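Assemble the complex: chain A is given as a structure, and chain B must be docked to it using the hints.
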Amino acid sequence: MTTLRQQQRRIFATLGLSPLELNPSVSPAAALLRFFHQQEQRR
Amino acid sequence: MLTADFARQAKQLRLKARRLVDGSVAGAYHSVFKGRGTEFIDVREYMPGDDIRTIDWNVTARQGVPFVKRYIEERELTVMLVIDMSASTQFGSTRKHKLTLALELASIVAFSALRNNDRVGLLLFSDRIERFVPPGKGRRHGLRLFDNLQGCQPAGQRTDITLALNRLNNLVRHHSLTFLISDFLAVDYQRALHLTQRRHELIPVLLSDPAEDTLPALGLLRLRDPESGEELPSTAAILAYVHSARSR
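Protein chains in written order, with this note's numbering: chain A, 1 to 43; chain B, 1 to 248.
Okay, chain A solo, but in the shape it has when bound (with noise of 0.2 Å):
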């Protein structure tokens, strides 16, 4: 049995997308940065 999380993770793989991943654990601005900081080092 393949949960809905597995399928996410094998698609954003497939495609070679890194998501950003939001929850209520870290607030949206502070995941933002963290996001862009990543970003700017693989670029």
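Among the hints, a few may not be true.
[Claimed, not checked] Computed footprint of chain A on chain B, listed as stretches where at least three residues anywhere in the stretch have a Cβ under 8 Å from a Cβ of chain A:
id	stretch
1	77-87
2	191-201
[Stated by the list, open to error] Pair ranges (Cβ atoms, derived):
id	chain 1	residue 1	chain 2	residue 2	range
3	A	G16	B	I55	33 to 43 Å
4	B	R158	A	R5	17 to 27 Å
5	B	L143	A	L15	31 to 41 Å
6	B	H175	A	R5	29 to 39 Å
7	A	Q6	B	N117	39 to 49 Å
8	B	G138	A	R42	30 to 40 Å
9	B	S93	A	H37	27 to 37 Å
10	A	V26	B	N117	23 to 33 Å
11	A	R5	B	D42	45 to 55 Å
12	B	R158	A	L15	20 to 30 Å
Treat the hints as calculated values from the structure; they're not laboratory data. Since this is a predicted model, take the numbers as computed values, not measurements. Where is the CB? At the ideal position from N, CA and C, for every residue including glycine.
Then chain B, alone, in the frame of chain A:
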């Protein structure tokens, strides 16, 4: 339906986003997306204060006076905010629903982009297109975006990511930076993601809540799918959950 509590939270978005963008987020946004989409226009004579790195040495040699290259800068970047407003995003086991998080993030991105003089558009969807605001810039457009973000009461319950992305690709023809904000609790959207990725720079934003992965220790539970309204008998629900947890 959205709760009154949610509506109050939504009304605070604009002020909160503006405050955050006054901080470091706008700088980080500019830093990541600067210099994107730069396109050569023409050359003109060098003027004091011009960056010497933009001097076109071939033209300078031919004309005998320094010339610099001119570019259209990243100001032309188009940012699309595609937000899932289906019933599952209105779930939250803590103070913040997933949709609240989504709207907060969208507001911060919108403020950062508008401050960077980028064009920003909005597409809200569920199993239908709830709202579409074409890309634009400026203060008046910003207010329009926030009115739509705050005031949308979704009519649909379920999620159709493919419909939203197909509509995006039809309506926004030129390249954009697209934030697709969803919990991705849907099926059959891989092809649409792939097609969108070929046309736009796609950033999926994955919303989640801790209670989706770990059930609270409350004994027997009655679970209801907010999108279909279907209820699972408690024992079956727990067995299904245990089974899926083991298969992870």
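Cross-check of the supplied hints:
1. With 0 residues having a Cβ less than 8 Å from any Cβ of chain A, the stretch 77-87 of chain B misses the three-residue criterion, and the hint is violated.
2. With a threshold of 8 Å between beta carbons, the proposed coverage of the stretch 191-201 of chain B by chain A holds, since 3 of its residues qualify and at least three are required.
3. Taking 33 to 43 Å as the suggested C-beta distance range, the pair G16(A) and I55(B) conforms, at roughly 38 Å.
4. R158(B) and R5(A) have their C-beta atoms about 19 Å apart, which keeps the hinted 17 to 27 Å range intact.
5. Range check, L143(B) to L15(A): Cβ separation about 35 Å, and the 31 to 41 Å hint holds.
6. Under the hint 29 to 39 Å, the C-beta atoms of H175(B) and R5(A), about 31 Å apart, fit the expected range.
7. Distance hint check for Q6(A) and N117(B): the Cβ-Cβ separation is about 41 Å, which falls inside the suggested range of 39 to 49 Å.
8. Checked against the hint of 30 to 40 Å, the C-beta distance between G138(B) and R42(A) comes to roughly 31 Å, which is consistent with it.
9. The hinted window of 27 to 37 Å between S93(B) and H37(A) holds, with their beta carbons roughly 29 Å apart.
10. In this structure, V26(A) and N117(B) meet the distance hint of 23 to 33 Å, their C-beta atoms being roughly 29 Å apart.
11. Remark: the range hint 45 to 55 Å for R5(A) to D42(B) is upheld by a beta-carbon distance near 51 Å.
12. Restraint check, R158(B) to L15(A): a C-beta distance of roughly 23 Å satisfies the suggested window 20 to 30 Å.
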